[in-house]
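Engineer: What follows is each chain in one-letter form.
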Amino acid sequence: MLSGVTVSCFVFSYLVVMFMEAARVYLKIPGRNTLLICMLVAGLFAHTIFLVNTLFFSDASNIKLLADWFQWSVVAAWCLTIAYMVLVIRNPGNASGLFLIPLILALIGLGTLMRGGTPFVSTSEGLWQVVHGISLLVGTMFICFGVAFGMMYLLQSMRLKSKGRRKKAKLKLPTLEFLQSMNRLSLFATTLALAFGMLSGVALNLQRSGSIDWLSPGILSTVALFVWTLIATVLEISAKSSLGGRRSAYLVIANFVFMLAVLGVVLVSSHGQGNVAQKSTSASESIISEVNS
Amino acid sequence: MHWTMVGWSHHETPVELRERLAFSKDQVFEALQQFKQRFPNSESVLLSTCNRVELYCASQERKSFPQHEELCRFLTDFHGLEFAELQPRATALSGEKSIHHLFTVAASMDSMVIGEAQILSQVKAAYELACRGESVATNMHRVFQRAALVAKRVANETEIHQKRISVPSVAVSEIATEFFERFEDKKILLIGAGEMGTETLKYLKDFGATKMSIINRSLERAKALATEFEAETHPWEKLYSQIMASDMVVSTTGAKEPIVTVEEFQKARSAHPARAVLILDLAVPRDFEAEISHVGDTYLYTVDDLQEVCQRNIEARKAEWPKAKKIVQEETKRFLSESSHRGGGSTIKLLREQAEGIKQSELDRLLNKLDAKDLDEATKKELQVAFDRLVNKLLHPPMQSLRENADSQQHASLLDALRRLFQLGESERSK
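Heads up: the sequence lines are chains A and B, in that order.
The first sequence begins at 1 in my numbering and counts up one residue at a time.
The second sequence begins at 1 in my numbering and counts up one residue at a time.
Calculated directly from the structure, the hints in this document are not laboratory data.
Predicted, not measured: the structure shown is a model, and the values here were computed from it.
For glycine and all other residues, C-beta sits at the position ideal for the given N, C-alpha and C.
Please note that the accuracy of each hint is not assured.
[Unchecked claim] Label pairs and their calculated CB-CB ranges: (1) B:K267 x A:L192: 54 to 64 Å; (2) A:L267 x B:A268: 28 to 38 Å; (3) B:E16 x A:L154: 19 to 29 Å; (4) A:K172 x B:W236: 38 to 48 Å; (5) B:W236 x A:M158: 33 to 43 Å; (6) B:R334 x A:F19: 21 to 31 Å; (7) A:F19 x B:E257: 51 to 61 Å; (8) A:P92 x B:C131: 43 to 53 Å; (9) A:M158 x B:D185: 23 to 33 Å.
[As the list claims (entries may be wrong)] Far from chain A by the CB rule (all over 12 Å, computed), these chain B residues: (10) T49; (11) D304; (12) D374.
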């Protein structure tokens, strides 16, 4: 299906959208919001086609879902783009794309760098593997989402504090309350997703080998990330203000930095990856075999 | 159709005189009844607000139409005021200018605060009162209904009404809305129960605020205001704890010294470290020490910050002025053109009916006389055609002149001349 669609097609669309967002400062483009939404829809369409082709039609004999880092990153980027589109449609005047699109592009860039690498090892415990993979994907997505809103919160807070900056500001940002609610949402959702990811990882390891190597770098760093997000969530719950405070923003930004470190450790330690020689099958294939059995 | 208006507004007349000229609702009603008795062929609407008193009149005929001086005297006499003192300050406009003025007033372009929304409802109320008093007919219905449409068009097609320009409205609509998505669930504290505080509460209520509380040195006054706005009251001693419990604080006291110091604020805040708060200090002198703005997660706005926004918005409204003026001009021309066509239509109909009546009676008289001479049908028909042609040829030049001047200012004068020269409608009136 539309096999000519490549990564560069939607990357180009997203770059144009980012340029249009950034140009709010310098240029007055008539019908900017409509053009921006059209360009974003075009990019998202190409992104979806590319994902469908990669996940379901790349090898008809071997159906794969989230089989490697490349797919994992492109799916995470797609989810973030959907979230961005909802925000744009909700309030087209806000320049949230300037904060979200770089993350989307970074995820795609990461996937492209890892393209052709060792695929994730497949196990007979397919269901736990799917839950583990999807939970960590959702967690990562919400951490990226959180960092964008955390940055926006800090910028908006700085502008509102300094009335001079508020007066000169050409980029419209969402209200502090909305940014705070997004920070909160991302913190809670990240903790929940990581909890699921960790529990499913435990179940997966127990079923696979009957024991868990808690000191392996991949597991240890993921547990540390979970514990950190749990602490951050408890701190956030203790704050009752509608406007929150800069502390929430710092927490979600710290989440992101922590996640980058964990991602680095996981990538280096080849967590979840089998040997190249090992035949790669995907989680969805495992589900199918589970169902069949 | 003839239009005229006289009135006094904030432009030329000081408030002391405007107060004396102002009409209460009952007085407006009474004045319109008196006017109807004195000028039975004129329609009238009396607009009385705190910034203007204006009497609008319309009539089909120039002859019975009141002059500016008569209108002016009518209004001053009603209040028993000195005509000579007030007449020089009066605005007196006729024809197109009076229509243009009404549209400008309704669109809030002649208001003291350009773009304020209240004037349109006042214009509508004046018209409704005139309707109840039956002092208006077709012409006034049309012009006042059109005035409301013009005001709507100006509001929709320009941004003249969009930017708020009073300190409380800017505080709520432009500053608070950058912080909050909605106000229903926000704890809002008002410090002081004065005029500014009351106005701010009104705006907050319009924006959906429900959890409002008031702190005032005089608890009685706070309670009175709280009843009006369904708010809570707290004793003055709880000032700091209430500030800490609020999402937004509006301060409007008349205190000579700051009522909230940075030391006390920080001390109270240490118990609520993560709570961000928006403080709108609308008091002069300020109620909050300026250093409070440096405290983390505290956003302090003073009257000066808000005045700047007000000034910017006033400039923005002024920038919309040419666009709004163009709309009013367009609509005035369109209205007058439509009026001319309507007025012209009825006059032409009267003229044709009158000519037809004369022709028919003369033709009947002639045919009766000629009947004795055994006139054949063909000759009768020939005579009828000759009479018809005669009437048409006589009426053609005036009709053509009316058509040619349909959109000009002379149209009303031509129609009036036509009515007077041919004494159109006189017979009906004499009946």
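Engineer: Evaluate each hint against the coordinates.
Structural biologist: Hint-by-hint comparison with the structure:
Separated by about 38 Å at the C-beta atoms, K267 of chain B and L192 of chain A break the suggested range of 54 to 64 Å. Checked against the given bound of 28 to 38 Å, the beta carbons of L267 of chain A and A268 of chain B, roughly 49 Å apart, lie outside it. Taking 19 to 29 Å as the suggested C-beta distance range, the pair E16 of chain B and L154 of chain A does not conform, at roughly 55 Å. For the pair K172 of chain A and W236 of chain B, the beta carbons lie near 40 Å from each other, so the given range of 38 to 48 Å is met.
In this structure the supplied range 33 to 43 Å holds for W236 of chain B paired with M158 of chain A, their Cβ-Cβ distance being about 34 Å. Roughly 45 Å separates the CB atoms of R334 of chain B and F19 of chain A, a value that falls outside the hinted 21 to 31 Å. A beta carbon spacing of about 53 Å between F19 of chain A and E257 of chain B agrees with the range 51 to 61 Å that was offered as a hint. The hinted window of 43 to 53 Å between P92 of chain A and C131 of chain B holds, with their beta carbons roughly 44 Å apart.
Range check, M158 of chain A to D185 of chain B: about 26 Å between beta-carbon atoms, so the 23 to 33 Å window is met. No beta-carbon of chain A comes within 12 Å of the beta-carbon of T49 of chain B; the shortest separation is about 35 Å. Taking the minimum C-beta to C-beta distance to chain A, about 9 Å, the non-interface status of D304 of chain B is violated against the 12 Å cut. Every Cβ of chain A is farther than 12 Å from the Cβ of D374 of chain B; the closest lies at roughly 85 Å, confirming the non-interface assignment.
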